[in-house]
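Chain order of the listed sequences is A and B.
Quick note: the first sequence uses full-length UniProt numbering, first residue 1, plus one each step.
Quick note: the second sequence uses full-length UniProt numbering, first residue 1, plus one each step.
Simulated from the structure, these hints should not be mistaken for lab results.
Do not take every clue at face value.
[Unchecked claim] Just a few of them, taken from the derived set where beta-carbon distance is under 10 Å, the chain B residues facing chain A: (1) 42; (2) 75; (3) 76.
[As the list claims (entries may be wrong)] Computed far set for chain A versus chain B, every beta-carbon distance over 10 Å: (4) 31; (5) 108; (6) 143; (7) 179; (8) 267; (9) 277; (10) 438; (11) 481; (12) 482; (13) 659; (14) 671; (15) 756.
From the three backbone atoms N, C-alpha and C, an ideal C-beta is built for every residue, glycine too.
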Amino acid sequence: MKYVGISVPRVDGIKKVTGALKYVDDIKLHGMLHAAVKRSPYPHGEIIRIDTSKAEKLSGVKAVITGKDVSKRAGLYLEDKTFLATDKVRYRGEAVAAVAAETKEIALEAVALIEVEYRELPAVTNALEGLKPDAPLVHPDLGEYKWGPIFFPKPGSNISNHYKIRKGDIEKGFAEADFIVENQFFVPHIQHCPIENHSAIAQMDAEGNLTIWSTCQSPYAVQKALSVAFDIPLNKIRVISPAVGGGFGGKAGTTLEGIIIPLAKKVRGRPVKLTYSREDEFVNSFVRQGMHAVIKTGIDKDGKITAVKNTFIWDGGAYTEYGVNIVRAGGYASTGPYDIPNVWTDSICVYTNHPVGGPYRGFGMSEIHFAIEQNIDMLAEKIGMDPLDIRRINGLRPGGKNATGQVVEVCGLQECIEEVAQKLAWSHKDKSSQPNKRRGKGIACAYKAPSMPNNVGSSAIVKLNEDGTAHLLVSAQDIGQGSDTALIQIASEILTIPPHKITIKTGDTDYTPYEWQTVASRITYCAGNAVARACEDIKEQLLELAQIRFGIPKRDLTLCDEYIVSKIYPDRKIAIKDLALGLSMDDGSGFHGPILGRGAFIPPNVRNTDKQTGQGEKPVAFWTYGCQGVELEVDVETGKIEILKVASCFDVGKVINPMLIEGQVEGAIVQGLGSALYEELILEKGIVKNPSFVDYKIPTAADMPEMLVSFVENPEETGPFGARGIGEPCMVPAAPAVANAVYDALGIRITSLPITAEKILKALQEKNK
Amino acid sequence: MKHAINFILNREAVSIRIEPHITLLEMLREVFDLTGAKEGCGAGECGACTVLVNGKPLNACLMLAVEADGTEVLTVEGLANGTELDVLQQSFIDHGALQCGYCTPGMIMSAKALLMENPTPTEKEVIEAISGNLCRCTGYKKIVEAVMAVSQKNGK
Chain A
1 MKYVGISVPR VDGIKKVTGA LKYVDDIKLH GMLHAAVKRS PYPHGEIIRI
51 DTSKAEKLSG VKAVITGKDV SKRAGLYLED KTFLATDKVR YRGEAVAAVA
101 AETKEIALEA VALIEVEYRE LPAVTNALEG LKPDAPLVHP DLGEYKWGPI
151 FFPKPGSNIS NHYKIRKGDI EKGFAEADFI VENQFFVPHI QHCPIENHSA
201 IAQMDAEGNL TIWSTCQSPY AVQKALSVAF DIPLNKIRVI SPAVGGGFGG
251 KAGTTLEGII IPLAKKVRGR PVKLTYSRED EFVNSFVRQG MHAVIKTGID
301 KDGKITAVKN TFIWDGGAYT EYGVNIVRAG GYASTGPYDI PNVWTDSICV
351 YTNHPVGGPY RGFGMSEIHF AIEQNIDMLA EKIGMDPLDI RRINGLRPGG
401 KNATGQVVEV CGLQECIEEV AQKLAWSHKD KSSQPNKRRG KGIACAYKAP
451 SMPNNVGSSA IVKLNEDGTA HLLVSAQDIG QGSDTALIQI ASEILTIPPH
501 KITIKTGDTD YTPYEWQTVA SRITYCAGNA VARACEDIKE QLLELAQIRF
551 GIPKRDLTLC DEYIVSKIYP DRKIAIKDLA LGLSMDDGSG FHGPILGRGA
601 FIPPNVRNTD KQTGQGEKPV AFWTYGCQGV ELEVDVETGK IEILKVASCF
651 DVGKVINPML IEGQVEGAIV QGLGSALYEE LILEKGIVKN PSFVDYKIPT
701 AADMPEMLVS FVENPEETGP FGARGIGEPC MVPAAPAVAN AVYDALGIRI
751 TSLPITAEKI LKALQEKNK
Chain B
1 MKHAINFILN REAVSIRIEP HITLLEMLRE VFDLTGAKEG CGAGECGACT
51 VLVNGKPLNA CLMLAVEADG TEVLTVEGLA NGTELDVLQQ SFIDHGALQC
101 GYCTPGMIMS AKALLMENPT PTEKEVIEAI SGNLCRCTGY KKIVEAVMAV
151 SQKNGK
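Starting from the given sequences, assemble the full structure and let the hints guide the process.
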């Protein structure tokens, strides 16, 4: 192949290195007003009274709104949220009122003048507590909400989804085991921390047309949610996502867009901008849900796992419109990439009075694998087996069955394990660099599927220009992962037009065609397929025209280096550009007209699982498998961990762009190490105590380990050129690999994240008692 | 009350009257429409607003605009010469050292400051120079490689 599999430099490189790219907060519109938000000081409280009169009187204030202006509920999977609180507040920081003013300063001053009287309610600040029958109800009206048919809320409780797997016979499985082990794990809330904070601008014209500029991953999903919440038809809402400065899931769905729309409606055509502060970003955008896990496993003395019973309790936060699907994903993936005959899983989403849980790179997989992959090592130790061997025995292979009973067709997991073991020199133990340090190696596997509804679609339009260049129109968003470049490469390969002659336009619901969302590591696969089909459509039209022109059957024609060429007589050819506007005949007449390619895609034959058992033949589009190994050193005097080396290998089907995919995996490794070593939103009585980069550390350049990144390529039958998703899976194994390496180094098990020096010292003291 | 200040901005002399509470970052972004420098935290924690003042990298969110009086300020927009990129910018593209691009201007300016002072830094020096610039996408490896490629080129 000429363009796929090549390290084409990023097509968005120049505008990014020159600072020329305009992100939403960089956009200034004529007459633009600035918004500020009044937020709840309580995690749970009834709103008794809101007095906005003083704010309204302040000079420069143009509009003030409260929950009354946005009373309709919206949400992606479960319509449980309003963009401003109406009757009560459910987390500290929830929007209760907002102001649009001539300047940001005036808006902030006005917000301070808004008086809100609350009656504080007892709060749910722990998911386990929230499950108790006497727990305060976060959503007493849950039964009245709308939700998708694949979710199972329990009205009258704080459970917003209870996903079950019932596979085989769990009792029989435990009876067959030689050992039964039960372990518990905890994963705290963390934040995505894109460097760009959320920002949106809304403007409504005299005809009632609404334009939203938003730092969003999914313009069409935002358009749909706003249409529902504000009763505006889709043809009157235009969502533009000009650029996204990092998403990681935090900019999926909707966040702040709904706050500024009611303001924009009140200011006679003036645009209104709202940009989150870093503190807002930490507290008032999506966070990764916390999770308690209990795993009970039966294993025989030869290392075969006979049964597993999983209980995952998720701290979904105040609204779980998105979180319910993370819990579902955590349920159907609950065994990890292992072939276990008897499985019982309860994956339960619990409303709490915590910040709103939502999609975070990994979509539940990082959380469950932290538990699963440590559990596997603990089982191995129990029976005196090497951690590699237990994975060789139980790890999925083609022909095996996963938790939903699906027969696995393509799976390079075992190859990835061997690759990582070799890169990490698994059986070789290096001496530590100093007497006070201990070295260890750890390994963890991972798998992930695109956790999306079965029938979500992608589309692409390709316009051929008369000079042989092309425009590719999609609404897949390049949020840093490199989709603009990868999608152009796919188009180039089929059209035989080099990447520099193709321009991509994205993210404008008025002009670029439908894309469900840029999430789920689905873009190269889903949008890539749509692009491939649009290019095949063009190819078909070109060959038709060339067939007429040359009198050569279509089957004997092909595209080659920007020409339509006869496969038999290579000198019979015509440039693509000469057919771009149609075929010109010798008598001066024309035929066909401008060539436009159209492509659409929905993953084929993905079907719902059984509601009672979670079993199904093909519940997801594909699985991405992989493995990561870590070598580290721990200072036993300070507890400080130094990550020396990370080896990562994933089966991606086909590498579209080696440089980009390597960068994506390196980024995921470091982000994963952040979650392993430092990151935790500290929540006390529902209040986030560390909403800044000073108190919530993310990795810097100084924290970067040596990284060895490699790939296995077992093609995905339905993927473009065999490719499958990788953006999220490659972050998943980082934290358990570190935990397992810490155990290897010190013989201590840290079962909660992050693995801090403090926890290590404490565990060492316990051990040495 | 506005203060009159004069300084060099991207090699051009500018004069402006500015309120004393406005930060250098706000002035660059709002008054001069130089939006390459970003506000990621507003508190000097992330480095996305890094610009050079008299050749030194600074968080523009922590400096008042009036303090720019008499200085020479260089932003990411001042690096390229028309469509001809600075060698460091080109190296970022060649090495895949950017993803979402939001930290990139600040990252490039911190690295540029290092290269202006020391054209042939070691990897350790590069890491130190950019360790005040947070990036959530890349894992930093390709950024360090991009800067090191320029260092090695300068050493030849």
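Going through the hints against the structure:
no., hint, result
1, 42, "holds (7 Å)"
2, 75, "holds (7 Å)"
3, 76, "holds (4 Å)"
4, 31, "holds (15 Å)"
5, 108, "holds (13 Å)"
6, 143, "holds (39 Å)"
7, 179, "holds (39 Å)"
8, 267, "holds (20 Å)"
9, 277, "violated (7 Å)"
10, 438, "holds (25 Å)"
11, 481, "violated (7 Å)"
12, 482, "violated (7 Å)"
13, 659, "violated (4 Å)"
14, 671, "violated (7 Å)"
15, 756, "holds (20 Å)"
In the structure shown, a violation is registered for the earlier hints numbered 9, 11, 12, 13 and 14, in ascending order.
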